[in-house]
Amino acid sequence: MFFFYVPGTCGTQYSPCQFTFFVPNGTATYNYGLTGFGQTIRRDSARYRYILRRLIIPNQVISLERMPTFGNSQRYTSDTGEEIMIKKETENTVRLLWGSMSARVIMWDIGATNGIVHIIDNILSDTSDLSRDISGSTATSSSIFVISIVSCLWIVLQRLEY
Numbered sequence: 000m001f002f003f004y005v006p007g008t009c010g011t012q013y014s015p016c017q018f019t020f021f022v023p024n025g026t027a028t029y030n031y032g033l034t035g036f037g038q039t040i041r042r043d044s045a046r047y048r049y050i051l052r053r054l055i056i057p058n059q060v061i062s063l064e065r066m067p068t069f070g071n072s073q074r075y076t077s078d079t080g081e082e083i084m085i086k087k088e089t090e091n092t093v094r095l096l097w098g099s100m101s102a103r104v105i106m107w108d109i110g111a112t113n114g115i116v117h118i119i120d121n122i123l124s125d126t127s128d129l130s131r132d133i134s135g136s137t138a139t140s141s142s143i144f145v146i147s148i149v150s151c152l153w154i155v156l157q158r159l160e161y
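Residue numbering for the sequence shown follows numbering that gives the first Met the number 0, beginning at 0 and increasing consecutively.
The set of hints was computed from the structure by calculation and includes no laboratory data.
Positions of the beta carbon are idealized from the N, C-alpha and C atoms, including for glycine.
A couple of the hints might just be wrong.
When the alpha-carbon atoms are kept at most 25 Å apart in a straight line, the in silico DMTMM-like pairs for lysine to aspartate or glutamate are as follows [said to hold, decoys possible]:
| hint | residue 1 | residue 2 |
| --- | --- | --- |
| 1 | 87 | 108 |
| 2 | 87 | 64 |
| 3 | 86 | 108 |
| 4 | 86 | 43 |
| 5 | 87 | 125 |
Ranges between beta-carbon positions, derived for each pair [said to hold, decoys possible]:
| hint | residue 1 | residue 2 | range |
| --- | --- | --- | --- |
| 6 | 126 | 82 | 25 to 31 Å |
| 7 | 76 | 130 | 21 to 27 Å |
| 8 | 13 | 126 | 40 to 46 Å |
| 9 | 130 | 110 | 19 to 25 Å |
| 10 | 96 | 67 | 29 to 35 Å |
| 11 | 76 | 105 | 19 to 25 Å |
| 12 | 39 | 112 | 33 to 39 Å |
| 13 | 45 | 65 | 31 to 37 Å |
| 14 | 13 | 100 | 36 to 42 Å |
| 15 | 29 | 101 | 15 to 21 Å |
| 16 | 81 | 32 | 32 to 38 Å |
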């Protein structure tokens, strides 16, 4: 077993922080690249990392299976400092919300050594991300963290398909 740790983010080398990460599936990533603003953002790696960090809730492990309330939204602060909401609509329908954007959680509660992963069907991004000030963001220091998590999850999902 291994865990993710990037100096300057959270936790220590021997005691990593916990996290909840909402990972867009391949179709969501592909469709995002078809949009004009999605193409522009993907060419700006710092901006794209910022958007992926929006999908990380640091220092918390949120099990969607254990969320008891139907119809109510629970608010969380993402790794970018923005507010995102999780809404459990029914026993089998959970949505991640940011602004006017929504993503359906299509697979949840995938365990990680120091966190939990949920797969979503959409990247939470809109045209305001083209002009958003990300200069104060820690996107650079967290980029290895995000890339490592996405890579590891991709490997796990590939193994689940076989």
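Evaluated hints:
no., hint, verdict
1, 87 - 108, "14 Å, holds"
2, 87 - 64, "9 Å, holds"
3, 86 - 108, "15 Å, holds"
4, 86 - 43, "31 Å, violated"
5, 87 - 125, "23 Å, holds"
6, 126 - 82: 25 to 31 Å, "19 Å, violated"
7, 76 - 130: 21 to 27 Å, "22 Å, holds"
8, 13 - 126: 40 to 46 Å, "42 Å, holds"
9, 130 - 110: 19 to 25 Å, "38 Å, violated"
10, 96 - 67: 29 to 35 Å, "18 Å, violated"
11, 76 - 105: 19 to 25 Å, "24 Å, holds"
12, 39 - 112: 33 to 39 Å, "35 Å, holds"
13, 45 - 65: 31 to 37 Å, "35 Å, holds"
14, 13 - 100: 36 to 42 Å, "37 Å, holds"
15, 29 - 101: 15 to 21 Å, "18 Å, holds"
16, 81 - 32: 32 to 38 Å, "22 Å, violated"
The structure fails to meet hints 4, 6, 9, 10, 16 from the earlier list, while all remaining hints are met.
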